[in-house]
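Chemist: So the chains spell out like this:
There are 2 protein chains.
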Amino acid sequence: MNHADVKAEYDSFKKLGLKLDMSRGKPAPEQLDLSNALLGDLGGFKAADGTDTRNYGGAVGLAEARTLFASLLDVPAAQVVVDSSASLSLMHDVIVYGMLHGMPGHAPWVAQQPISFLCPVPGYDRHFSICESLGIKMINVPMNARGPDMDLVEKLVAADASIKGMWCVPKYSNPSGAVYSDETVRRLSAMTTAAPDFRLLWDDAYRFHHLGEEKIAVPNILDACEQAGHPDRAIVFASTSKITFAGSGMAALAASPANFHWWQRHVSVRSIGPDKVNQLRHVHFLKDKAHVEALMEAHRQLLKPKFDAVLAQFAEHLRNVKGVNWTHPKGGYFIDLVTPHGAAKRTVALAREAGITLTPAGAAFPYGNDPDDSHIRIAPSFPSLTEITQAAKGISISLKLAISS
Amino acid sequence: MNHADVKAEYDSFKKLGLKLDMSRGKPAPEQLDLSNALLGDLGGFKAADGTDTRNYGGAVGLAEARTLFASLLDVPAAQVVVDSSASLSLMHDVIVYGMLHGMPGHAPWVAQQPISFLCPVPGYDRHFSICESLGIKMINVPMNARGPDMDLVEKLVAADASIKGMWCVPKYSNPSGAVYSDETVRRLSAMTTAAPDFRLLWDDAYRFHHLGEEKIAVPNILDACEQAGHPDRAIVFASTSKITFAGSGMAALAASPANFHWWQRHVSVRSIGPDKVNQLRHVHFLKDKAHVEALMEAHRQLLKPKFDAVLAQFAEHLRNVKGVNWTHPKGGYFIDLVTPHGAAKRTVALAREAGITLTPAGAAFPYGNDPDDSHIRIAPSFPSLTEITQAAKGISISLKLAISS
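Sequence order for the protein chains is A and B.
Going letter by letter, the first sequence gives residues 234 to 638 in our numbering.
Going letter by letter, the second sequence gives residues 234 to 638 in our numbering.
I should point out that these hints are in silico values taken from the structure, not numbers from a laboratory.
Chain B regions said to be covered by chain A (calculated; three or more residues, Cβ under 8 Å):
no., stretch
1, 256-263
2, 266-277
3, 329-343
4, 361-374
5, 476-490
6, 505-518
Once the Cα atoms are required to be at most 27 Å apart in a straight line, the calculated DSSO-like pairs of lysine-lysine come out as:
no., chain 1, residue 1, chain 2, residue 2
7, A, Lys240, A, Lys252
8, B, Lys555, B, Lys247
9, A, Lys537, A, Lys522
10, A, Lys279, B, Lys252
11, A, Lys252, B, Lys279
12, B, Lys248, B, Lys578
FRET-style restraints, in silico, Cβ to Cβ:
no., chain 1, residue 1, chain 2, residue 2, range
13, A, His517, B, Gly277, 19 to 29 Å
14, B, Pro538, A, Glu263, 50 to 60 Å
15, A, Thr619, B, Gly273, 28 to 38 Å
16, B, Asp244, A, Ala491, 42 to 52 Å
17, A, Ile449, B, Gly290, 24 to 34 Å
18, B, Ala391, A, His339, 31 to 41 Å
Every residue gets a Cβ at the ideal spot worked out from N, C-alpha and C, and that includes glycine.
With the hints as constraints, model all of the structure from the sequences given.
Modeler: Shown next as structure tokens:
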């Protein structure tokens, strides 16, 4: 690669004066438009059981909202909590309750310091921020195409009782798009952990967020854990943030009866009940699993061309560049662009100079530290198709410039 | 009082077969109807600054929602957070952040155990549940008509560095209706505390909830604390739960810049942002302070006759009963019925047998323990006027029977 040529290409791209923010996996306005009926008339405030959703109560959510999530997550409604508009908040609070109250039948984590979590990497920066903020030590575990390196996971959790939890994005993982295999799920549910109060934080964020025709299924983790004799091991999280409105939808938690009642006890101290009006509004709009799937197909139609455009640009500009590769996700919101070692930060900086804001390099690793400085998270959802095409070209040129010298 | 006569009166009342729940301060359906426009068409999703409320972001709330609360609470918008649909959750989380992270510039409370809070009694049971759940020791302080016993408060906080906080419902206090005097506010802001990380949890739940013509004002606690040289001492909480929909409205927190940024830092780990669609919906509906006050006048018209009915029944049936008295609140949601010592539990049990569910006796005290067993919280808001009149009569008869022998 000729440095002068790449530099000229970069300078000419820079002159376009782009101003694009691709730092987060935000839905595009056209995706949000799909749910604009939520802005309209609710058509009544009485729930099916007569509950006046405008008044206090219902710490674990509206009955029909719990039933809807039960059907979406394939779990009994009695084990589902619908609360908050962000599953991240539910995950945060599960860990906070673990710190201050302890998991059911166990001492508070603050009384068992130090505490550690396994973090498959690259992973979701906001998961890692929760651990960092609470002083929970994070241990990196490599992510492969079929999930985390299970040999390493099994070895670590068997040996170290300070490991109280593990972050899991089982399907279309953020940012690599990896999907946990049946074998990965089986081993996670069956493995021996030194900590009796170990939990899998199962963030099923992209359960319905397919990009291809294939609708990949991951085995039910609650069933797997129960069958393996560890019924309380997993806590499942989901939300409608990338189904209806981001941050104004419904979030849910599903867990064993023991974990469910533990959550109910602690959340009842925090709140008299969630926003049931918004839950009813969502149930009226989403109706049932078939309607959710139809809505997600409409999202797919909007997202797929953007992913294809990025992949096409990468193929065109980076195919023959040594040490560069990228994921081809079958769902989710991200592409993981892998650079030669030591080039990710420089690429992100060059892209920014050219008007393209990317997630900071390293963000997909605990403490923001990618030891190889080689992962860049690409979020194609928010910009328009034209913009994302330009941006993918600009990122490609920035990467080429970063590694030319 | 003739026991047989009272017993006969009670038996005849019981035969009415009432089924009334007066255990909580829930708004009545007619009050909720006042805000039914919130169920209708939002009329757009763009905030004044162009923010698409349907997408992620805005950890401290939508700009116009913060401006509205700033005007309602008489504080700068830059110091206001709008988040969650329940101020109780904001209070809970402030204490949780205090436990796990510490107040700005101070060690986490979990590292400073034991921790204590001052609890004016009778007070709000859900405040006390938060402390109990987190293992925070509660110290009773008697509430008078002008606020808590300040001589005792000053003595306690000056002597004991374990006292990290104090619950305050400054106006129309739950359950007595007491209003903090100017002098009480001045002394709370000026007093010397042994703990440098002491906080007033200022629950301004009933700021606009007048029952009489008089609109009582309590001095601005943030200003008072700043002027007294303790700018970070108070954190103010409020919500629209008893203005629009209970549990589906907006909640807010107002505090000094240091406390505001402390909250912002920690909440940004918990969530990408609150439900801005609901915030915009509320701002469209509530408009400004004048509209909120007009709405509260409509609430007052519905609530006043219910309070008057209870007071009239108590006057008729209990006026000449020795050792019995009750508060005449100028606002808020409760009347505190004070029985002779040792009679509250028995009265509540008799009322329940007659079909009237009251808040458990003792609930207004830490650990559910009213040392004199003499306070019953009456919540007139939810039942209809006919029902509340019957219920107040039934409670009066139950009390008379409880103390006759």
